[in-house]
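S.K.: Here are the chains, one letter per residue:
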Amino acid sequence: MLFLGVLVSQGCGGEYPQSTLHPSSDSATLIDQLFDQIFWWAVGVFVVVEGILIYVFVRFRERPGDARPKQVHGHLLLEVGWTLAPALILVAIAIPSIRAIFIIDRSTPDPEALVVEVIGKQWWWEFRYPELGIVTANEAHVPVGRTVDLRLRSADVMHSFWIPRLAGKRDLVPGIENQLWFRPDSVGVYHGQCAEFCGTAHALMGMRVIVDEPDDFERWARANAAPASTPAAAEARAGQGVFMANACVSCHAVRGTPAAGQFGPDLTHFGSRLTIASGVLENTPANLARWLDSTQHVKPGNPMPEVELSDAQIRQLVAYLGSLR
Amino acid sequence: MAMTDGYSTGIRSWLTTVDHKRIAIMYFVVGFVFLLIAGVEGQLIRLQLATPERSFLDPDLYNQLFTMHGTTMVFFAGMPLVVAFFNFVVPLQIGARDVAFPRLNAFSFWVFLFGGLFLYASVPLRVMPDGGWFAYMPLTNPEYSPGPGIDFYVLALLISGVGSIAGGLNFLVTILNMRAPGMTFMRMPLFTWMALIVSALILLAFPPFTVGLIFMLFDRRFGTHFFDAAAGADPVLWQHLFWVFGHPEVYILILPAFGIVSDVIPTFSRKILFGYPVVVFSGVLIAFLGFGVWVHHMFSVGLGPVVNAVFGGATMLIAIPTGIKIFNWIATMWGGRLRFRTAMLFAVGLVATFTIGGLSGVMHSSPPADLQQTDTYFVVAHFHYVLIGGTVFGLFCGFYYWFPKATGRMLHEGLGKAHFWLSFIALNVTFFPMHFSGLLGMPRRTYTYAEGLGLDVFNLISTVGAFIFTLSFVPLVWNLWRTWRRGEAAGHNPWDASTLEWTMASPPPHYNFAEIPAVDRRDPLWHPYIEPESRAEGDEPGGAVPRRQPDEPPAPVVMPNPSYWPLVLAVGMLLMTIGGLGSLGLTLFGLLVTAVGLFAWAFEPAFGEEAH
Chain A
1 MLFLGVLVSQ
11 GCGGEYPQST
21 LHPSSDSATL
31 IDQLFDQIFW
41 WAVGVFVVVE
51 GILIYVFVRF
61 RERPGDARPK
71 QVHGHLLLEV
81 GWTLAPALIL
91 VAIAIPSIRA
101 IFIIDRSTPD
111 PEALVVEVIG
121 KQWWWEFRYP
131 ELGIVTANEA
141 HVPVGRTVDL
151 RLRSADVMHS
161 FWIPRLAGKR
171 DLVPGIENQL
181 WFRPDSVGVY
191 HGQCAEFCGT
201 AHALMGMRVI
211 VDEPDDFERW
221 ARANAAPAST
231 PAAAEARAGQ
241 GVFMANACVS
251 CHAVRGTPAA
261 GQFGPDLTHF
271 GSRLTIASGV
281 LENTPANLAR
291 WLDSTQHVKP
301 GNPMPEVELS
311 DAQIRQLVAY
321 LGSLR
Chain B
1 MAMTDGYSTG
11 IRSWLTTVDH
21 KRIAIMYFVV
31 GFVFLLIAGV
41 EGQLIRLQLA
51 TPERSFLDPD
61 LYNQLFTMHG
71 TTMVFFAGMP
81 LVVAFFNFVV
91 PLQIGARDVA
101 FPRLNAFSFW
111 VFLFGGLFLY
121 ASVPLRVMPD
131 GGWFAYMPLT
141 NPEYSPGPGI
151 DFYVLALLIS
161 GVGSIAGGLN
171 FLVTILNMRA
181 PGMTFMRMPL
191 FTWMALIVSA
201 LILLAFPPFT
211 VGLIFMLFDR
221 RFGTHFFDAA
231 AGADPVLWQH
241 LFWVFGHPEV
251 YILILPAFGI
261 VSDVIPTFSR
271 KILFGYPVVV
281 FSGVLIAFLG
291 FGVWVHHMFS
301 VGLGPVVNAV
311 FGGATMLIAI
321 PTGIKIFNWI
331 ATMWGGRLRF
341 RTAMLFAVGL
351 VATFTIGGLS
361 GVMHSSPPAD
371 LQQTDTYFVV
381 AHFHYVLIGG
391 TVFGLFCGFY
401 YWFPKATGRM
411 LHEGLGKAHF
421 WLSFIALNVT
431 FFPMHFSGLL
441 GMPRRTYTYA
451 EGLGLDVFNL
461 ISTVGAFIFT
471 LSFVPLVWNL
481 WRTWRRGEAA
491 GHNPWDASTL
501 EWTMASPPPH
511 YNFAEIPAVD
521 RRDPLWHPYI
531 EPESRAEGDE
541 PGGAVPRRQP
551 DEPPAPVVMP
561 NPSYWPLVLA
571 VGMLLMTIGG
581 LGSLGLTLFG
591 LLVTAVGLFA
601 WAFEPAFGEE
611 AH
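One line per chain: the protein sequences are A and B, in this order.
If you're matching positions, the first sequence starts at 1 in our numbering and goes up one per residue.
If you're matching positions, the second sequence starts at 1 in our numbering and goes up one per residue.
By construction, these hints were calculated from the structure, which means they are not laboratory data.
Keep in mind the model is a prediction, meaning the values are calculated, not measured.
There's no promise every hint is true.
What the hints assert, rightly or not - Where chain B lies over chain A, by a calculated footprint (3+ residues, C-beta under 8 Å):
{"hint": "1", "stretch": "50 to 60"}
{"hint": "2", "stretch": "84 to 96"}
{"hint": "3", "stretch": "159 to 171"}
{"hint": "4", "stretch": "183 to 197"}
Backbone N, C-alpha and C define an ideal beta-carbon position, used for all residues, glycine too.
Please model the complete structure; the sequences and the hints are all you need to start from.
M.R.: Here it is as structure tokens:
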């Protein structure tokens, strides 16, 4: 089993996109190093205790003709020894732990940090960039090498924000604003999901944090701050009509259009996202059609109703939503 | 399992019994049935998670199943099985004829039973609670959990909690007041010691939880705002109330198991317990520290660095007394003559696997490390090692140890060993891989997981392990069946053990002790073996013999009367509980029945005529 564990930690993060053992930020690395330290202490204690136990198991089993053994009431020195030894190990664990707490559990000291508001909702994530005027859902872009300062709120029940390769968890508590920060150190797409049970679709409340080169981030930020452009293609324009004429607008906003619903994810730049329905499906036209046709099958329990749409309407909507880049 | 010695055996005798041994058997049978039910729920959970993106269970049913699995295991399997052992063993170990309040004892059982039946009434009605055994607000308020599911959870735990508190009080008083002459605290067997500590824990831990449940009930039914952030309250309050109970609850479940192995290991090593006072006080210390660590369930809530540092440190401290116990058990075996009967295998199995659970516990005592581990399968692995490797193995250990005493029959050793090895293998195959699935990013309470996260292999292994677990119950049930039909007679003391319960016939007579023994040492039945030089000063040979002059007649035996009123009282409370779902009339009627039961109970004579 230990061998299996070593195998896992040797594998690259790509095979385990949600692994806590493949950190890619200062905060996650700090925790991982602390975990490694505790882990090896635990392995040491494990080997000693189980080793002695197996020795006793074999060595002192009763053999025929054995007399009753000598009765021993106790041994003061031994008791002191096996009280002190664990205590010392715990001190060795406690010191780095407490140091790490006072780094991780505090607000970031970095004044240049990028502030992102995270609002947990059943069962998706809203990301707001107050300094950049961006509202998006389920996928946050951040630049590599710059501290990200998350402000976490909940719109309904308890959730927990967790991108294992970037940071430990922080709960989203109704009525309270929590903070979490990390400085990503390599470009990539990082998987995460809600880690506090929040109801029916808790398992499908996924998200991505995309760490970009600073230039790419700038480009993304400029594009996403802008309102949606009017689609050029005829089919997409027809899709826009379907969108505006149906229940879609009562929940979804597309900035630059009359659609201003606040209940569901902002779709202004939906076409540029990697996934649909908070990480459930890859964002392809076929998957989008499937999602529009049977939301309750793809993500049971989610609040989006299954609107009656013809195949043609779905095709047009897919074209429209895909054009929102 | 005939227990006919001096008993009437009709159904009425069971409904009115106040005999601790019969109540123990009822607790055990009901707790065991709930263990099997919750086990099936766990097996279904594992079937759903065998491969990624399966649709064997829909998400709502899955959420209901893990809620019922956890709630049942803790409150309706773990606790009653623990209390079954308290009931059977404690009066016998301290030289008493019953508990301090025999009718209260019967009442505790009936409300526990009704609580469990009430909870499971939600199954045929298809409204099982689905908020997890921890029922976090605000998910469990009516806005997010409409329908009666959560009410079943709240009301079932309220009524069974009454029984738990009454039981805790009963055993606390029993152990303080009913000990035989000479049975000083430091002569009590370790199991009785842990029962004493756990009784105090129950008395202190259940009230905050009860308060929380009442708040929740009021929020749900009467529109109060105890946990409503929109009204200015803090939903985190529920987490505090839950975990200030929930963490001591862990020790309520584990310390009795520690007590059992502390009696079993010496018996099958033929050596007295190494470091008796240290083992006792480490138990006291665990219980004491257990009230100061609840925030380690809440490190990710964001309570700030100082709070997290303090509770992290306090949590680490618990590893010290726990380690002391493990070392003392090993030292007891060291130099002994180990007889590996089934009970001993479970005891050693506990030491081996609890150690793993303890070490993973130290890993998340460190708050920063816990931020990655909390609410993942790493924690699921941890507490199943603790609750199966610790509590369940400890309870099975006690089951194989005291079964001959309770029934007068010997279980089959080969089948017992098959049971042990299957469950030992199953535990490790099921739960060890969960350490990896957790560290690789699998959160708890998720009905499915995506392909491509690298979690597939670990989950499949876990599911295979769960099947082995189910299989492990076959030799156990077969063993019970076989022993029922043709078990060998057990005799007074089949294991050559050292404590008072082994002085009487198996099964024990109705009155336990024809004469109350006087105790002048620890391990009284071993006094011929404990060499003179190792004997404590002032310790005269003697053991456990009644204290009277040879020509003096034995004191008369006075036993408590059977009574219907505990059952009536419990039925009244059940009616109130059902009324809590929305019928004021039924609640008032239940109140009336409760009041009648209470008065009749109060004016009924508790003790019968002399019977010998």
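S.K.: All the hints need checking, so say for each whether the structure fits it.
M.R.: These are the hints, each one checked on the structure:
1. 50 to 60: It holds, with 6 qualifying residues against the three required.
2. 84 to 96: Per the Cβ count (5), the hint holds.
3. 159 to 171: holds (count 8)
4. 183 to 197: Three-residue rule met by the stretch 183 to 197 of chain A, so holds; n is 6.
Checked against the numbered hints given earlier, the structure satisfies every one of them.
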